[in-house]
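**Student:** Chains L and Y, in that order, give the protein sequences. Note that the numbering used here has the first sequence beginning at 1, numbered continuously upward. Note that the numbering used here has the second sequence beginning at 1, numbered continuously upward.
Hints listed in this document are in silico derivations from the structure and should not be mistaken for laboratory results. Among the hints, a few may not be true.
No farther apart than 25 Å at their CA atoms in a straight line, the calculated lysine to aspartate or glutamate pairs in the DMTMM-like style are these [stated by the list, open to error]:
(1) L:K90 - Y:E247
(2) L:K243 - Y:D211
(3) Y:K202 - L:E98
(4) L:K21 - Y:D22
(5) Y:K16 - L:E98
(6) L:K21 - Y:E13
(7) L:K21 - L:D88
(8) Y:K16 - L:E99
(9) Y:K16 - L:E14
(10) L:K243 - Y:D22
(11) L:K20 - Y:E13
(12) L:K168 - Y:D22
(13) Y:K16 - L:D248
(14) L:K20 - L:D88
(15) L:K246 - Y:D242
(16) L:K247 - Y:D22
(17) L:K85 - Y:E247
(18) L:K246 - Y:D22
(19) L:K243 - Y:D242
(20) L:K90 - Y:D242
(21) L:K168 - Y:D242
(22) L:K20 - L:E98
(23) L:K247 - Y:E13
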Amino acid sequence: MAATTESVKADAAEAPLLNKKNMFAGAALYIVFYAWVRWYEGIYGWSAGLDSFAPEFETYWMNFLYIEMVAEIVTASVLWGYIWKSRDRKVMSITPREELRRHFTHWIWLCMYGIAIYYGASYFTEQDGTWHQTIVRDTDFTPSHIIEFYLAYPIYIITGVSALLYAKTRLPAYQQGLPLMYLVAVIGPFMILPNVGLNEWGHTFWFMEELFVAPLHYGFVFFGWAALGVMGVVNIEVQSLSKLLKKDLA
Amino acid sequence: MSASQSAVRSRAEAVKVSRTFDWMILFTLFFVVLGGYHIHYMLTGGDWDFWTDWKDRRLWVTVAPIVSITFPAAVQACLWYRYRLPFGAVVCVLGLLLGEWVNRYLNFWGWTYFPVNFCFPSNLMPGAIVLDGIMLLGGSMTLTAVVGGLAWGLLFYPGNWPVIAPLHVPVEYNGMMMTLADLQGYNYVRTGTPEYIRMVEKGTLRTFGKDVAPVSAFFSGFVSIIIYFLWHFFGRWFASTDFISSENL
Numbered sequence: 001m002a003a004t005t006e007s008v009k010a011d012a013a014e015a016p017l018l019n020k021k022n023m024f025a026g027a028a029l030y031i032v033f034y035a036w037v038r039w040y041e042g043i044y045g046w047s048a049g050l051d052s053f054a055p056e057f058e059t060y061w062m063n064f065l066y067i068e069m070v071a072e073i074v075t076a077s078v079l080w081g082y083i084w085k086s087r088d089r090k091v092m093s094i095t096p097r098e099e100l101r102r103h104f105t106h107w108i109w110l111c112m113y114g115i116a117i118y119y120g121a122s123y124f125t126e127q128d129g130t131w132h133q134t135i136v137r138d139t140d141f142t143p144s145h146i147i148e149f150y151l152a153y154p155i156y157i158i159t160g161v162s163a164l165l166y167a168k169t170r171l172p173a174y175q176q177g178l179p180l181m182y183l184v185a186v187i188g189p190f191m192i193l194p195n196v197g198l199n200e201w202g203h204t205f206w207f208m209e210e211l212f213v214a215p216l217h218y219g220f221v222f223f224g225w226a227a228l229g230v231m232g233v234v235n236i237e238v239q240s241l242s243k244l245l246k247k248d249l250a
Numbered sequence: 001m002s003a004s005q006s007a008v009r010s011r012a013e014a015v016k017v018s019r020t021f022d023w024m025i026l027f028t029l030f031f032v033v034l035g036g037y038h039i040h041y042m043l044t045g046g047d048w049d050f051w052t053d054w055k056d057r058r059l060w061v062t063v064a065p066i067v068s069i070t071f072p073a074a075v076q077a078c079l080w081y082r083y084r085l086p087f088g089a090v091v092c093v094l095g096l097l098l099g100e101w102v103n104r105y106l107n108f109w110g111w112t113y114f115p116v117n118f119c120f121p122s123n124l125m126p127g128a129i130v131l132d133g134i135m136l137l138g139g140s141m142t143l144t145a146v147v148g149g150l151a152w153g154l155l156f157y158p159g160n161w162p163v164i165a166p167l168h169v170p171v172e173y174n175g176m177m178m179t180l181a182d183l184q185g186y187n188y189v190r191t192g193t194p195e196y197i198r199m200v201e202k203g204t205l206r207t208f209g210k211d212v213a214p215v216s217a218f219f220s221g222f223v224s225i226i227i228y229f230l231w232h233f234f235g236r237w238f239a240s241t242d243f244i245s246s247e248n249l
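Isolated chain L, as found in the complex (with noise of 0.2 Å):
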């Protein structure tokens, strides 16, 4: 009877699997913080972006791309650092149930992926089409570009790093090496960010419209298939879970 107390004391007092208040706040983070963003673009996009000569383009978004860029290195960093130096040293001798909650925290993170690769790839991506169909381009760094190629494209690259660092430092699952399609996941999209620099050069020297089908474009396509890897990783992960819940299913 006492040690049946004390079980469900233990019980009581565990961490649960899924810890929802994460989740919702990480998604509150996320879609706050860029309702945020699209508000500033609405109103210092007109007010102080169409013109890239003009002091308040300085003020306004020259030291937005300057903020960000410090902020991101500093968290891509500070978060890595911290995923890296936290890790678990004896991976492999984890309880299941301790594996199980860590698949759910791995796919909290998961998750946050897939909302940042929304705002990335889908969002300010296709928002960019419409702000080159309204201004005249005069600067690589126009406003649509300082959101999406700057803040937008780093924050799913920093997220999907994160999420694939936690898996290799805390799942037993990913110790057998480097899962291939976990890399294709998250580097195919990370390639996007270098190949800014080949779409500017050649908008740059050679094409001034924003044709959005001109073959200048076709990187950022290519790398865009590699987020077809997240297939992968669902399979690895069901593979994973299929083991650790498939005789309590039976």
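Once you've looked at the hints, dock chain Y against the given chain L.
**Tutor:** For chain Y alone, kept in the frame of chain L given last:
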């Protein structure tokens, strides 16, 4: 393994855990595929998809289905062959349409003031339902590629016809004959895609008059079959679970 080493405390908890993972997986898959599919589609067929005056009877009908059958084929290759889930194409298209509609409304209209009846996205849903239906009923990649791929191309124009037809009505403006969609384009000047860039109904095909759209749709369906095959195998590769061993790095 003893009972104490089980990951869950009861069968009920196991079921709950399994269902929760299902939703988290679906959420992630939906939004990551949405992102990849949307960037692919907007940069390979986007200009035809953005504006009504690009939505012509020839190039829009040809290009849009060919470039859009890619992700549905790949995701079907994972969801059907691994899990027997017959909604790979519909999930992709729902994601793409959500991404497009949110953006057209909040940004094309909300930021740069292009009216939504000038920049609404193409409808790919009829083709997606047929593609998944054929996969479900036939259970064959070859059948889905040949019949579904052809249907994907053929259904595109009829699937969009109710929306685009009112904008293809001819009008006379300053002594010139054009469509209502062309007139929208003249009134909403776009600095990034000036008129000399617009690719609509170029070439000799239109001299045959009314046959332009069916011929384009049939050609599109033919190429969609080939693209489906190709992307099915891409999908299988992307769904693989291989690891790279440390020695190979």
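**Student:** The structure should be examined with respect to each hint, and the outcome stated for every one.
**Tutor:** Cross-check of the supplied hints:
{"no.": "1", "hint": "L:K90 - Y:E247", "result": "21 Å, holds"}
{"no.": "2", "hint": "L:K243 - Y:D211", "result": "57 Å, violated"}
{"no.": "3", "hint": "Y:K202 - L:E98", "result": "63 Å, violated"}
{"no.": "4", "hint": "L:K21 - Y:D22", "result": "19 Å, holds"}
{"no.": "5", "hint": "Y:K16 - L:E98", "result": "17 Å, holds"}
{"no.": "6", "hint": "L:K21 - Y:E13", "result": "19 Å, holds"}
{"no.": "7", "hint": "L:K21 - L:D88", "result": "23 Å, holds"}
{"no.": "8", "hint": "Y:K16 - L:E99", "result": "16 Å, holds"}
{"no.": "9", "hint": "Y:K16 - L:E14", "result": "18 Å, holds"}
{"no.": "10", "hint": "L:K243 - Y:D22", "result": "16 Å, holds"}
{"no.": "11", "hint": "L:K20 - Y:E13", "result": "16 Å, holds"}
{"no.": "12", "hint": "L:K168 - Y:D22", "result": "22 Å, holds"}
{"no.": "13", "hint": "Y:K16 - L:D248", "result": "11 Å, holds"}
{"no.": "14", "hint": "L:K20 - L:D88", "result": "23 Å, holds"}
{"no.": "15", "hint": "L:K246 - Y:D242", "result": "22 Å, holds"}
{"no.": "16", "hint": "L:K247 - Y:D22", "result": "18 Å, holds"}
{"no.": "17", "hint": "L:K85 - Y:E247", "result": "24 Å, holds"}
{"no.": "18", "hint": "L:K246 - Y:D22", "result": "15 Å, holds"}
{"no.": "19", "hint": "L:K243 - Y:D242", "result": "17 Å, holds"}
{"no.": "20", "hint": "L:K90 - Y:D242", "result": "23 Å, holds"}
{"no.": "21", "hint": "L:K168 - Y:D242", "result": "15 Å, holds"}
{"no.": "22", "hint": "L:K20 - L:E98", "result": "16 Å, holds"}
{"no.": "23", "hint": "L:K247 - Y:E13", "result": "12 Å, holds"}
The structure fails hints 2, 3 (numbered hints given earlier, in ascending order).
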